[in-house]
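Participant: Below are the chains, spelled out letter by letter.
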Amino acid sequence: MKSHDEFLQMFRKGEEFTKELLKENEKLRYRLAEAEETLKQTSDDAKVKLYEDRIKLLDDELTSLKERYKEVEAENKDFATKYVEVEEENNNLANLYVASYQLHSTLDFEEVLKIVIEIVINLIGAEKFSIMIMDEKTNELISVKSEGIYDTEIPSVALGQGIIGRVSKEGDSYFAEEISYSDEIDFEKPMVCIPLKIKEHVIGVIVIYSLLIQKEKFTNVDFELFNLLAGHAATAIFSSRLYTQSERKLTTIQGFLQLLKDKPA
Amino acid sequence: MPTILVVEDSPTMRQLISFAMKRVPDSKVIEATDGVDALKKLSAEKVDLILADINMPVMDGLKLVSLVRGNPELKDIPVIIITTEGAEEDKKRALSIGANDYLPKPIQTQELIKLVNNYIG
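Protein sequence lines, in the order shown, are assigned to chains A and B.
Anchor point for the first sequence: position 66 equals 66 in our numbering, and the numbering is continuous, going up by one each time.
Anchor point for the second sequence: position 16 equals 1016 in our numbering, and the numbering is continuous, going up by one each time.
Just so you know, these hints were derived from the structure itself, not from any lab.
Note that the coordinates shown come from a computational prediction; the quantities given were computed from them, not determined experimentally.
Misleading hints may appear alongside valid ones.
Taking lysine-lysine pairs in the DSS-like style, the calculated list, with each CA pair at most 30 angstroms apart, reads [as the list claims (entries may be wrong)]:
{"id": "1", "chain 1": "B", "residue 1": "K1028", "chain 2": "A", "residue 2": "K128"}
{"id": "2", "chain 1": "B", "residue 1": "K1075", "chain 2": "A", "residue 2": "K114"}
{"id": "3", "chain 1": "B", "residue 1": "K1091", "chain 2": "A", "residue 2": "K114"}
{"id": "4", "chain 1": "B", "residue 1": "K1063", "chain 2": "A", "residue 2": "K128"}
{"id": "5", "chain 1": "B", "residue 1": "K1091", "chain 2": "A", "residue 2": "K128"}
{"id": "6", "chain 1": "B", "residue 1": "K1022", "chain 2": "A", "residue 2": "K217"}
{"id": "7", "chain 1": "B", "residue 1": "K1114", "chain 2": "A", "residue 2": "K82"}
{"id": "8", "chain 1": "A", "residue 1": "K114", "chain 2": "B", "residue 2": "K1040"}
{"id": "9", "chain 1": "A", "residue 1": "K82", "chain 2": "B", "residue 2": "K1041"}
{"id": "10", "chain 1": "A", "residue 1": "K217", "chain 2": "B", "residue 2": "K1028"}
{"id": "11", "chain 1": "A", "residue 1": "K217", "chain 2": "B", "residue 2": "K1092"}
{"id": "12", "chain 1": "A", "residue 1": "K70", "chain 2": "A", "residue 2": "K56"}
{"id": "13", "chain 1": "A", "residue 1": "K217", "chain 2": "B", "residue 2": "K1040"}
{"id": "14", "chain 1": "A", "residue 1": "K77", "chain 2": "B", "residue 2": "K1114"}
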């Protein structure tokens, strides 16, 4: 009987132990599942963190590329603007070169005046204008060549008188504030008056009264041309006039010499 | 190599246009002083584009355009008129005679080059 009780007690202990083992096993399984879940969770977080880092990196890269793109675009625009400016400058220089080349291509006074007229019409776009030369004896400016108006219509101007006289006296160019397209010419109110200067000595003026209908405003190259005309046209006109005068004198002297030679002894 | 004929009585303007045409790649420029001279040049050489002034002695630019358009061998050559006559009616007249384009003076070189490139570029 005792052994039977002992066996039962042992069996119960064994049962309890088994139940405890089973509980423990269940706990361990639960912990394992929890651990697995945590492990899984940790791995996802790490991946998310990794992706977030990569996204941030790509974002930074994109921002940097966008900034670089903006810089390159700005540089491109800058180059394009500079290219246009250089092109324009090249064209202007070509115009100035041709004008200067033509002005000094002859020593014939009339031809030089014709070239000045061509430059003022074709390169500046003037419609009615006159070239006036200073008469050193009377100190008066007299029109020697004109376009769109007759020379005889243009009154002579005394040194210092009105806008034209003042330009010839002071040697500074005059530009009217507004461009007008009136058919009527006021000889005392020119649109532009450019002194023809050799160093500081004014030998004449170019007076513009009106511009071609399509000429809306003066551009930078116009002012460069005015400067060129002030110097180069003056030299060309002055030297060609001297040359023509000396040619005439030479012909006269040669005529006299011929007469003396032909005179019977 | 396209050949451009510049018809202009003013030596300054002729030189200026010819100088500008150096900026048109692979082109050759020949010059004429008026319409009659231009017709001589046209009969002697194949021309791809004519740049002509209107006001010229002997034969003006408009007469030249009408003769070119009336000639079966020359009628397809594009003609650009370059002139001081800037009024709209002058332009209409030149285009009605057969000019392809009309550029009033003073010319803007870049504009001229762009226009020329439209025809021979």
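Participant: Compare the structure with each hint and give your call.
Facilitator: For each hint, the structure was consulted:
This hinted pair does not check out: K1028 (chain B) and K128 (chain A) have alpha carbons roughly 35 angstroms apart, beyond 30 angstroms. Pair hint K1075 (chain B) plus K114 (chain A) does not hold up; C-alpha atoms about 35 angstroms apart against a cutoff of 30 angstroms. Annotation: proposed proximity of K1091 (chain B) to K114 (chain A) holds, straight-line Cα distance about 27 angstroms (limit 30 angstroms). In summary, the hint linking K1063 (chain B) to K128 (chain A) is supported, as the alpha carbons are separated by about 26 angstroms, within the 30 angstroms threshold.
Distance check on the hinted pair: K1091 (chain B) and K128 (chain A) sit about 21 angstroms apart at the alpha-carbon level, within 30 angstroms; holds. A C-alpha spacing of about 28 angstroms is found between K1022 (chain B) and K217 (chain A), which places the hinted pair at or below 30 angstroms, so the restraint holds. Among the hinted pairs, K1114 (chain B) with K82 (chain A) is consistent with the structure: their alpha-carbon atoms are about 18 angstroms apart, no more than 30 angstroms. Using a Cα cut-off of 30 angstroms, the hinted pair K114 (chain A) and K1040 (chain B) holds, with the two alpha carbons roughly 26 angstroms apart.
Note on K82 (chain A) and K1041 (chain B): the hinted pairing is violated, with a Cα-Cα distance of about 40 angstroms set against a maximum of 30 angstroms. Restraint check for K217 (chain A) and K1028 (chain B): the C-alpha separation of about 33 angstroms exceeds 30 angstroms, so the hint is violated. Using a Cα cut-off of 30 angstroms, the hinted pair K217 (chain A) and K1092 (chain B) holds, with the two alpha carbons roughly 24 angstroms apart. With a CA separation close to 21 angstroms, the supplied pair K70 (chain A) and K56 (chain A) stays within the 30 angstroms bound.
Between the alpha carbons of K217 (chain A) and K1040 (chain B) the distance comes to roughly 39 angstroms, so the proposed pair goes past 30 angstroms and is violated. Taking the CA atoms of K77 (chain A) and K1114 (chain B), the gap is about 20 angstroms. The hint holds against a cut of 30 angstroms.
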